[in-house]
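Trainee: On the provided structure of chain A, position chain B as indicated by the hints.
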Amino acid sequence: MARWAMVFDLRRCIGCNACAVACKQENSLPHDVFFTRTLSEEAGEYPDVKRRYIPTLCNQCDDAPCERVCPTGATYTRPDGIVMVDEAKCIGCGSCIVACPYGARTRIDKGHLRDGLFQNGELTPFERQGIGRFVSGTVVKCTFCHERVDAGLQPACVITCPTDARLFGDLDDPDSKARRLIEQHGARPPLPEKNTRPKVYYID
Amino acid sequence: MPNMNHPSIVGDDFRRGFRRQTEWSWSIATAFFFGEVGAGLFLVSLWFDFLPGMAWGLLLTAAGKTTGHMLHLGQPLRAWRAIFRLKTSWVSRGLLAIILFTGFGTAYVLCRAHLTLGLFPESLAPLYAGIAVAAAIFVMLYQGLAMSHSSAIPLWNTGLMPMIGLTYALLSGLSLVLASDPVFSVRTQDAATLIKAVELGLLAYAFISVLCLLHAARYGSKAGEQSADLLIKGDLASWFTPAVFGVGFMVPALLIAFGSGGPSLQFTAAAVLIGYYAFRVLILKAGVYDPIQSFVSETKRF
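For the record, the sequence lines run as chains A and B.
Using this note's numbering, you'd call the opening residue of the first sequence number 1 and step up by one each time.
Using this note's numbering, you'd call the opening residue of the second sequence number 1 and step up by one each time.
Watch out, some of these pointers could steer you wrong.
Said to hold, decoys possible - Taking CB as the label site, the calculated pair distances span:
hint, chain 1, residue 1, chain 2, residue 2, range
1, A, Phe118, B, Leu71, 23 to 33 Å
2, B, Leu119, A, Pro192, 50 to 60 Å
3, A, Arg197, B, Leu194, 45 to 55 Å
4, B, Pro76, A, Asn120, 50 to 60 Å
5, A, Asn120, B, Leu86, 42 to 52 Å
6, A, Lys110, B, Leu96, 26 to 36 Å
To be verified - The calculated DSS-like cross-link candidates involving lysine-lysine, where the alpha carbons are at most 30 Å apart (straight line), are:
hint, chain 1, residue 1, chain 2, residue 2
7, A, Lys89, A, Lys24
8, B, Lys222, A, Lys50
9, A, Lys110, A, Lys89
10, B, Lys87, A, Lys89
11, A, Lys24, A, Lys50
12, B, Lys233, B, Lys222
These are computed hints drawn from the structure, not numbers from a lab.
Ideal Cβ placement from N, Cα and C applies to all residues, glycine included.
Isolated chain A (complex conformation) (with noise of 0.2 Å):
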């Protein structure tokens, strides 16, 4: 069984946000709500200053505490590693949300299924085909786009970067380019004081 992680090469990121944006139309994703984002950072001081982009998602921990404090078992983890989250069973009860480290969790509220990109009630065509896959109060992520990875594609993300500053792979197949890239550069996964054990890493 495979182990799914996501390595970015932060050496190569231009913060174009197209991932962004192949995620919110995989996933039919609401306004305000994004399964990835990439951040913006400015350091030091003129004239030595650096702007750099990191992306983020569900880091998909092997000790996710969004898991543990799941009080309904509504999030489980596959045997691949890929944390989901069974919307029939979620309370909304936000302990998920509250016990991420990396605020990768959303609680889909009437709002974002009712209001629409415009805030005034009308919906695109976009938000109508996508509202179907949400259950109002409950919670969303990122699931590395499991349809597509069932199906032996790669994540949207992932083929959308237009400078491959995401790969996708097995963590426990030797060859496999991310886990590769991981042992060449010594990848670091994010806060990793916090003891979640994430499959995400990041090379700088």
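Mentor: Frame of chain A, contents of chain B only:
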């Protein structure tokens, strides 16, 4: 939107920085408040054998806490599912404790009032009381444990959280019993002095615990520092200092030390409850997450 008073708190935009917790707000604070006050009132009333206090404690927990949680839940009709993960989730354990507390507490009160209508044996009243007491103590502790369980929010991630909940619950319970039971006004001077000393002791312990919470957050991590700054000198300071420290600690301390008679006890209880509710709401609002780690080495000209 970025917070102009706290530029490093970036909100929900696409910048790296500290983010404030917004998921748990006043409805959860209300649920926590009623749960702890109700359990504390029940325990203290049981200690003083004050039956109306026990009944009110059960009612506050059953009605107030449930209402707060129902207002918060995205799918309230599925709330029963929250009992399923006792092994790992404090929310599940808390729900079980609430059920045991309200169920066995009600059974005990009905036994004492001889209103069981033969539905269950009155001879088992001590057993009902024992289970209700254990569950009440758990209710007073579990909310702090649920908050401190995750390392995501450093302000909450401390063993002080359950202890503060326990102290505030007992303090609120004692204040309410003193304010509502006319028997206390005719107690002996020695007993009244002892009860005053206990109330002052709980007040002092809660005050020191809140100070320790802020100190631990301020010097424990960068996100904790942001949280403490929000409460002490930031957006929330205009509420935190007067409501939690002023009304919640100073006013009751002065009333206990220098006041006498019924109105003084009732003002004390009101001040304690206002301070405690403010604490619950503001501690939730002050929760701040660490930023995703920086991958940029700081550059500086020399």
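Trainee: It remains to establish, for every hint, whether it holds in the given structure.
Mentor: These are the hints, each one checked on the structure:
1. A/Phe118 - B/Leu71: 23 to 33 Å: holds (29 Å)
2. B/Leu119 - A/Pro192: 50 to 60 Å: Roughly 56 Å apart at Cβ, these two residues keep to the hinted range, so it holds.
3. A/Arg197 - B/Leu194: 45 to 55 Å: Since A/Arg197 and B/Leu194 have Cβ atoms about 52 Å apart, the given range 45 to 55 Å holds.
4. B/Pro76 - A/Asn120: 50 to 60 Å: violated (28 Å)
5. A/Asn120 - B/Leu86: 42 to 52 Å: 45 Å Cβ-Cβ, so the 42 to 52 Å window holds.
6. A/Lys110 - B/Leu96: 26 to 36 Å: Because 30 Å falls inside the window, the suggested range holds.
7. A/Lys89 - A/Lys24: holds (24 Å)
8. B/Lys222 - A/Lys50: holds (22 Å)
9. A/Lys110 - A/Lys89: holds (18 Å)
10. B/Lys87 - A/Lys89: The given pair, whose Cα atoms are some 17 Å apart, holds under the 30 Å limit.
11. A/Lys24 - A/Lys50: OK: A/Lys24 and A/Lys50 at ~29 Å, within 30 Å.
12. B/Lys233 - B/Lys222: Cα-Cα ~16 Å, so holds.
Against the hints set out earlier in the document, a violation occurs for number 4 only.
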